[in-house]
Amino acid sequence: MTTIRTFTTRSLAVSAAALIAGAAAAQDAPGCGTEPVELNAYFETGFPLPSRLAEAFTAQFPDVTFDIREDQFANLMENSPRLLSQPGAPDLIRLPSISDLVANDLLLNLDPYYDAYGWDAFPEGNLVQIRVADGGRPRGVGSLYAMGLNYSLTGVFYNAALAEQIGMTEAPQTLEELDALLAAAKEAGVQPIVQWNKDTGGLAFPLQNLMGSYGDPEPINAWIFQQEGATIDTPENLQAAEHLQGWVEAGYFTRDANALDYFTMMSRFTNGQGLFMFNGDWESANLEEQMGDDVGFFLMPPLEEGGRQATMSSPLTFGIGANAAHPDCAAAFLNWVATDPEARQLNVEIGGSNPGGPADMALPEVNQDSLIAETLEAGQVIAADDGAMDFIANATGAIFAAGWTPELQKLVGGVQDAEGLLDAVQDEYETQLSR
Amino acid sequence: MRARTPAPPPSRRRAAARRQAVLFIAPAFLAYACFVLVPLCMSLFYSTLNWDGIGEWSFAGLSNYVTVLTDDDLLQIIGNAFELVLWFTVVPVCVGLAVASAIRGQMAGRFGTATRTILFLPQVIPLVAAGIAWSWMYDWNGVVNQALVLVGLEDQVRGWLGNFTFALPAVGLIGAWVLLGLCTILLVTGIAKIDGSLYEAAKLDGARPRHEFRFITLPGLRQEIGVCVTVTIIQALSSFDIVYVATSGGPGIETTVPGLEIYRLAFAHRQVGLASALAIVLMILVLVCVLPIQWAVRERK
Chain S
6 MTTIRTFTTR SLAVSAAALI AGAAAAQDAP GCGTEPVELN AYFETGFPLP
56 SRLAEAFTAQ FPDVTFDIRE DQFANLMENS PRLLSQPGAP DLIRLPSISD
106 LVANDLLLNL DPYYDAYGWD AFPEGNLVQI RVADGGRPRG VGSLYAMGLN
156 YSLTGVFYNA ALAEQIGMTE APQTLEELDA LLAAAKEAGV QPIVQWNKDT
206 GGLAFPLQNL MGSYGDPEPI NAWIFQQEGA TIDTPENLQA AEHLQGWVEA
256 GYFTRDANAL DYFTMMSRFT NGQGLFMFNG DWESANLEEQ MGDDVGFFLM
306 PPLEEGGRQA TMSSPLTFGI GANAAHPDCA AAFLNWVATD PEARQLNVEI
356 GGSNPGGPAD MALPEVNQDS LIAETLEAGQ VIAADDGAMD FIANATGAIF
406 AAGWTPELQK LVGGVQDAEG LLDAVQDEYE TQLSR
Chain Y
798 MRARTPAPPP SRRRAAARRQ AVLFIAPAFL AYACFVLVPL CMSLFYSTLN
848 WDGIGEWSFA GLSNYVTVLT DDDLLQIIGN AFELVLWFTV VPVCVGLAVA
898 SAIRGQMAGR FGTATRTILF LPQVIPLVAA GIAWSWMYDW NGVVNQALVL
948 VGLEDQVRGW LGNFTFALPA VGLIGAWVLL GLCTILLVTG IAKIDGSLYE
998 AAKLDGARPR HEFRFITLPG LRQEIGVCVT VTIIQALSSF DIVYVATSGG
1048 PGIETTVPGL EIYRLAFAHR QVGLASALAI VLMILVLVCV LPIQWAVRER
1098 K
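Protein chains in written order, with my numbering: chain S, 6 to 440; chain Y, 798 to 1098.
To be clear, the hints were calculated from the coordinates, so they are not data collected in a lab. All C-beta atoms in this analysis are idealised placements derived from N, C-alpha and C, irrespective of residue type, glycine included. Honestly, I wouldn't trust all of these hints.
[Said to hold, decoys possible] Label pairs and their calculated CB-CB ranges:
1. Ala926(Y) to Ala79(S): 55 to 65 Å
2. Trp933(Y) to Glu309(S): 23 to 33 Å
3. Pro923(Y) to Leu308(S): 17 to 27 Å
4. Asp870(Y) to Gly256(S): 24 to 34 Å
5. Leu308(S) to Asp870(Y): 30 to 40 Å
6. Pro966(Y) to Arg260(S): 29 to 39 Å
7. Trp933(Y) to Leu308(S): 36 to 46 Å
Generate coordinates for the entire structure from the input sequences, incorporating the hints supplied.
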């Protein structure tokens, strides 16, 4: 019964064909047929949400089971083209980047499901990052090649106890106020920012947040989407990079930032060894569990009070292999994740991020005092300001490893300046696009 | 003679022997061909392509090699590997020689066994484990910084593996520590084979320890030193695991070595052609470094 109810609540938007598939057998998930199906899934290690959603799906539709393999993000990046090009390609796969895969015809075009399931009711701002033109570039236009399991958001987490110690009573409303807080922390002997910059360049988070304060998100998205003539080397971005350099020179980052990896950063922040950390809401549940009331979240403030706010907000991207054996069932799962109440609840509780889905569908209930409530609320601000940006590290498959990471490490090490940083990244970007 | 012993004529006997030899060599050769020669030829072929590893490819001629030999970053990366040779080769061989000379007289007893065992221990630890353990020691709160604070050198405390000046030496030291065991055990074993009467004769002639070292130990250990230098140079030039675990090549590209870059180019940048070209260049560099050493230390008759 639940099956039908869940499915028919959305019947107005769902096409007749999909409806029939759902109504034909109450015990079977729509699109998954009447026989037992095992979906071949390839997820990212360390993030329990997809597996928990898969379990919940199997609980609702016992005929559908999942064969889940997990890998580190870097390995996913390296293995996905090979896996997708082989027979028995994953039905569901966590995709670090999609352009190269679309260029090689390895991903299924999801437009038919978009029509059948009525995904046009989803906010387009959520889907624009996973649209790709024929041939793999530019992104942001064209067909849908993936779906978000949820839509994460980045900003500034703060340690409430340390914030009180330096006299921070509310979230900063302007960049100037944030600067004042950083200075006050430094003055008081509190580590102002704990940010990783080893292995991958974690300073890209504050940098892009600063870019969002100084300028509009559109030119940054255009660059990430590889649109014609886009450049990262704009006057606004230069101001942002210079501001970041100012933070480095003021000693706001830890002295060992280049030797600090992500996991050490997390453990230092949860242990109270830093006032601010630039990170995403995927850590909300974890931070709340570890720090309780001692942690809060705010969006990067704009230059002027009340100004437009922008931040990195991207879908947790999952795609379906072009050679997959059960594409319809995989698409049914993706639709279920966005629309089923139980899935949405799980999504918010475990993932800590906005579950997406139809724009008019209410967000799942969460404790109003919780960190997750704060990050979800921040998501509404960004939606109202239309301020979602993809991550600057996702512009090309290798721009993070070959551009941002080494150049940001050089900035921290004092062997690169703001202008040189943007020049070098733009050069690398153009070299990669010219191949 | 031939009439009484009906053996096959020499030519047929030789043919049979050759057949036998071929039969004996074939399995090993097949395995070698499958796992070494064919991949090598494929790498050579790939190095002339523009290819992302999945889709269409096109011939690039020698342009990948031109890139390897002219790109500033790639040249720095190759240079990093040679800087590692200092740490991976020079340090362990010198220290190994010193240890071997020092304990030469006490080789037989319990002391000798204990020393050899302790020095050899790093060798049995996987490189990745060594890399992780050393990363902890180099950490901001690790023992290196703790020791510096203890002796009053607070201003020298730093994130070693993230520092532009110290990251490469820090990584090199890990390799030196691992390879010291191998070099010591080889040199200690070698020195035990040198005839003790040579040292006695030298002493009677009034030789000082440094003369003994220069005129008896060094020539006597020529082959062992050759093996040590060869193995450690190969380890240095083709290093991957220690660097990958300790620094991922950072900060900037200060500790990136060819092995790591080949992997990145092939799997992150999806430039299989350029990665293969760098791999071939690396192989040639290793040969260029190792062959003269082999030639210099071989037994002259």
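These are the hints, each one checked on the structure:
| no. | hint | in the structure |
| --- | --- | --- |
| 1 | Ala926(Y) to Ala79(S): 55 to 65 Å | violated (20 Å) |
| 2 | Trp933(Y) to Glu309(S): 23 to 33 Å | violated (46 Å) |
| 3 | Pro923(Y) to Leu308(S): 17 to 27 Å | violated (52 Å) |
| 4 | Asp870(Y) to Gly256(S): 24 to 34 Å | holds (29 Å) |
| 5 | Leu308(S) to Asp870(Y): 30 to 40 Å | holds (36 Å) |
| 6 | Pro966(Y) to Arg260(S): 29 to 39 Å | violated (19 Å) |
| 7 | Trp933(Y) to Leu308(S): 36 to 46 Å | holds (42 Å) |
Of the numbered hints stated above, those contradicted by the structure are hints 1, 2, 3 and 6, listed in ascending order.
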